[in-house]
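Following the hints, complete the assembly by docking chain Y onto the known chain H.
So the sequences go chain by chain: H and Y.
Position 403, counted from 1, in the first sequence is what this note's numbering calls 420; the numbers after and before it change by one each time, with no gaps.
Position 134, counted from 1, in the second sequence is what this note's numbering calls 172; the numbers after and before it change by one each time, with no gaps.
Any given hint might turn out to be false.
[Said to hold, decoys possible] Computed cross-link-like contacts, DMTMM-like style, restricted to lysine to aspartate or glutamate with a CA-CA straight-line distance of at most 25 angstroms: (1) K298/Y <-> E254/H; (2) K140/H <-> D398/Y; (3) K172/H <-> E380/Y; (4) K446/Y <-> E449/H; (5) K298/Y <-> E298/H; (6) K298/Y <-> D250/H.
[Said to hold, decoys possible] Computed far set for chain Y versus chain H, every beta-carbon distance over 12 angstroms: (7) L64; (8) N74; (9) K89; (10) E142; (11) V359; (12) V402; (13) G451; (14) R455.
[Unchecked claim] Cβ pair distances, simulated, as ranges: (15) R41/H <-> A356/Y: 48 to 54 angstroms; (16) A264/Y <-> E449/H: 21 to 27 angstroms; (17) D433/Y <-> A79/H: 31 to 37 angstroms; (18) R322/Y <-> E310/H: 21 to 27 angstroms; (19) P233/H <-> A241/Y: 23 to 29 angstroms; (20) P233/H <-> E243/Y: 17 to 23 angstroms; (21) P351/H <-> D433/Y: 52 to 58 angstroms; (22) A356/Y <-> P233/H: 27 to 33 angstroms; (23) A79/H <-> L64/Y: 48 to 54 angstroms; (24) E108/Y <-> T444/H: 34 to 40 angstroms; (25) T315/Y <-> E310/H: 29 to 35 angstroms; (26) A241/Y <-> E420/H: 33 to 39 angstroms.
Note that these hints are calculated values from the structure, not bench results.
Heads up, the beta-carbon is just placed ideally off N, CA and C, and yes, glycines get one too.
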Amino acid sequence: MEAAVLEQLRAVLGDAGVISDPTRLSAYECDGLALLQQRPAVVVLPRTTEQCARAMAVLHKAGIPVVGRGAGTGLSGGATPVQGGAIVGLARMRDIVGIDVENRTARVQAGLVNVDLSFAAEKHGLFYAPDPSSQHACTIGGNIGENSGGPHCFKYGSTNRHVLGLVIVRHDGSVLDLSQPRVDPLGYDLVGLFVGSEGMFGIATEIVVRLMPIQPVVETVLAVFKDLDGACDSVSEVIAAGHEPVALEILDRLTIEAVEASIFAAGYPKDAEAVLLIECEGSESEVGASLDEILAVVRRRGAIDVRRARSAYERKKLWAGRKGAFGAMGRIAPDLYVADVVVPRTKLRELVLGTTRIAHEHGLKLSNVFHAGDGNLHPNISYDRRDPDQVRRVLAAGDEIMELVVKAGGSLTGEHGVGLEKQAAMTQVFDEASLRTMCTVRAAWDPQQQLNPGKLIPVHACREMRGAQRPQA
Amino acid sequence: MTHIESALAQIVGRAQVLSQRPRFDLDALPCAAPGNVDEVSALLKLATRDKLRVVPLGSGSKLGWCNAPERVDFLLTTRRLVGAVSHEPADGTIAVRAGESIAELAARVERGGHRFTPDVPHPANSTIGGVVAAGQSGLDRLRFGPVQHHVLGVEAVLADGTITRSGGRLVKNVTGFDLHRLYAGSHGTLCVLTEVALRLFPAPEHEVLFMVRGVDLARALERARAAFALPVRHVSVVLASVDSPPAGESWIVLARLFGKRAAVAAEQEALAQCWKTPTFKEGREAAEFSAQFRDSTSFVGTERASLSVTAEPSRAPALVVELLHELDKCSLERRLMFQPFEARLDIGLPSAMEPAQLADFARVARSIAVRHGGALHVRNAPLAALAGLDPFGDDVAGLELMRELRAKLDPGGVFARGRFVGGL
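Chain H with its partners taken away, still in its complex shape (with noise of 0.2 angstroms):
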């Protein structure tokens, strides 16, 4: 990086909002997905929008190819850094610059802790729904970009159905202030199209989002099943009979033995083969009505056991376990790939059973922890990265599984994003036409490919510039 853009970023930022020492820089090498690793030129730190603006202009004048990254929890490595690169992290924008408690919107910036902004509603009697599993540390800014999810998207949608405003940094500087609410979009739906572009069209940094009203009852269950079939045949049949519960999540067996070593340990037994953890809300003769039918389904299909969370305490507690899962896997290997595929919701048995099958295949360990009412599966594999033959291993079962869902009506990831993992198999997916078209809408938001480059489309496709590369598998 030459000394004089460090020199007018350090003029914009400060120094605080400038890192450019190598050994702070590599904490910024890769996001959560370990596998992929460069060291940027140069992180900067904004604290405004007006900063955030003027540090991207210095950026885009000196031809530096710019990656925007919240808190880095991504799993697809869409916030991997490009050689020569900036990251434009978000970690100083945490404001909530206000709740509007009577249209049921906030205002933040786009920095702010995805899980803090529920927090600060919850005493209006609000709460924001999109709620990743890495909710405590991911943030809307990053949410945004992935057009992120969690189990409660099951009824409330993925991000893009929860957000009304942005203000957008763009590849050169400019401000695209699209924060006024509106009813109906005026003119194209440009904050609809933002919201999943992988921080290939802008940086956000102010975001406006709906929130919605806490609902007077919540029941949440856990089903307890001595096989994995039973588990994904409740879901299969809950959904063909028309209920609607916030969040249906199963756990398998190594999931739940993984949890409850763990400090997430929620009290899932540990004999079981399968917990599919359902909630319910609305008033209570919704709930009253929708879970004893729910609950009829499961136990015809196998359920051995129903356990009520009998108070807010254990109801937490119950989803301590399903969100701190992925954590709690780093007692079976030091490394988890965290797979992200969706499958149509009437073959979630068999599918389930497929990744398995490949992953075992491969001699490796697989436990599933997934969103069975979305038909979003995540099969983990646990590996050690420093054993290249486990990589090789676990890349090429990634593939495969990929693969599968795909020739079975799935598609790629339903809420971690494509980034750099994804890329390739993009084209299984979509046609030649149909990414050029991509390319051709990403060329309006950024001519110069600056921003996020070498992500999501894969490169014969637009020639885009390549970033980090991909260990072969």
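For chain Y alone, coordinates are given in the frame of chain H:
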């Protein structure tokens, strides 16, 4: 047969070259009705090659929501593209061809035990492609949200005839950019939608419709707020008025509930207690009345000009009061429909209103809406009223980027320009 009609006939067959107006107050033009996506592609390739200008449409019921095109040579209707591409009742999804009418689609998904959103007026005269392309939400928006939230993916043909896809057919999916969010509400200025995949919802077991009649606006709002404050999942809470000054407004308030029978029964009891002595209808009678109400208060497909005013919910009541005051000053006959919690007021204006008076009133109303942080869309106004008046709005944030998107996706200007916001 003109040169253009002959060229169209070579692609779709002579019998499928029809005649239709690109707007209710413009002369009819040739309208090609392709029978499959390849014919759509061929028509657009023809337009690209011969530098022809095209307006895509479904049934054409919302062409009057846009301005007049600067130039148009032929229309392209998707109304022959009908039928399901895939229907997975157990997965709660459907993909249909874009020309399927809303009525046919509703019947199709009902057979699988579902309903879909949006619940739009005159379902036999609207196509799903047209509804998505116009970004038209329905009277069930309070419960289900806007139409674009439930579009899972599309097949779209670009201006040069390229057939593309965005999204998929799954209820959750973040693979690739959500170009279908860009296309929804773009009024056929970026592509022709040929297939739409939708998320479905369980068909209700039971339905109830509550009504209060003959109250003034303040009391109507009071009732609506009381209903909204209940722990009830309303499908809609709507206020409507069809009276005129000098008698003053006489409003009807409707609250619609549906879902599982037991839940609806409890909600019904709560609302009955809240509203004391309301009229209500149940079951099929409620559904039929709701549909009748929806169609009677809609201005879609009519030649009655209307104003669709939106704002933040907290500011909407004050905005409505101010607009009513302006209407009174002009002694204008009108029909009003107000969805207070989606903050939308639709004002149906007299069909015989002079264009100049309509334009003047729309400008005043827009300035009031903007002052309240809202927006105003002029629909079905005669072209004479739209001189210097953008039907969609002024001071549009991001207009330059929108122009860039349009230029990239349609560099040859195949889709007729001048119809959408800012002349897009």
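Item to check | Cβ distance range 29 to 35 angstroms for T315/Y and E310/H, holds or violated | outcome: Taking Cβ atoms as reference, T315/Y and E310/H lie about 33 angstroms apart, which means the hint holds.
Item to check | Satisfaction of hint between E298/H and K298/Y, Cα-Cα up to 25 angstroms | outcome: Distance ~14 angstroms between K298/Y and E298/H Cα, so the pair holds.
Next on the checklist: At 12 angstroms, judged by beta carbons, does V402/Y keep clear of chain H as stated?
Outcome noted: holds (19 angstroms)
Item to check | Beyond 12 angstroms from every chain H Cβ - status for L64/Y | outcome: Consistent with the label, L64/Y stays out of reach of chain H, its closest Cβ about 23 angstroms off (over 12 angstroms).
Item to check | Cβ separation check - K89/Y to all of chain H, threshold 12 angstroms | outcome: Correct as stated: the minimum Cβ-Cβ distance to chain H is 20 angstroms, above 12 angstroms.
Checklist entry - Can the suggested window of 52 to 58 angstroms be confirmed for the beta-carbon pair P351/H and D433/Y? => result holds (55 angstroms)
Item to check | Pair hint outcome, K298/Y versus D250/H [Cα-Cα no greater than 25 angstroms] | outcome: holds (22 angstroms)
Next on the checklist: The output says E142/Y does not contact chain H. Does that hold with a beta carbon cutoff of 12 angstroms?
Outcome noted: holds (22 angstroms)
Item to check | Satisfaction of the hinted span 31 to 37 angstroms by the C-beta atoms belonging to D433/Y and A79/H | outcome: holds (34 angstroms)
Item to check | Given as non-interface: R455/Y, partner chain H, CB spacing beyond 12 angstroms | outcome: holds (14 angstroms)
Checklist entry - Can the suggested window of 34 to 40 angstroms be confirmed for the beta-carbon pair E108/Y and T444/H? => result Since E108/Y and T444/H have Cβ atoms about 39 angstroms apart, the given range 34 to 40 angstroms holds.
Next on the checklist: Is 33 to 39 angstroms respected by the C-beta to C-beta distance linking A241/Y and E420/H?
Outcome noted: holds (36 angstroms)
Violated hints, listed in ascending order, are 2, 16; each of the other numbered hints is respected by the structure.
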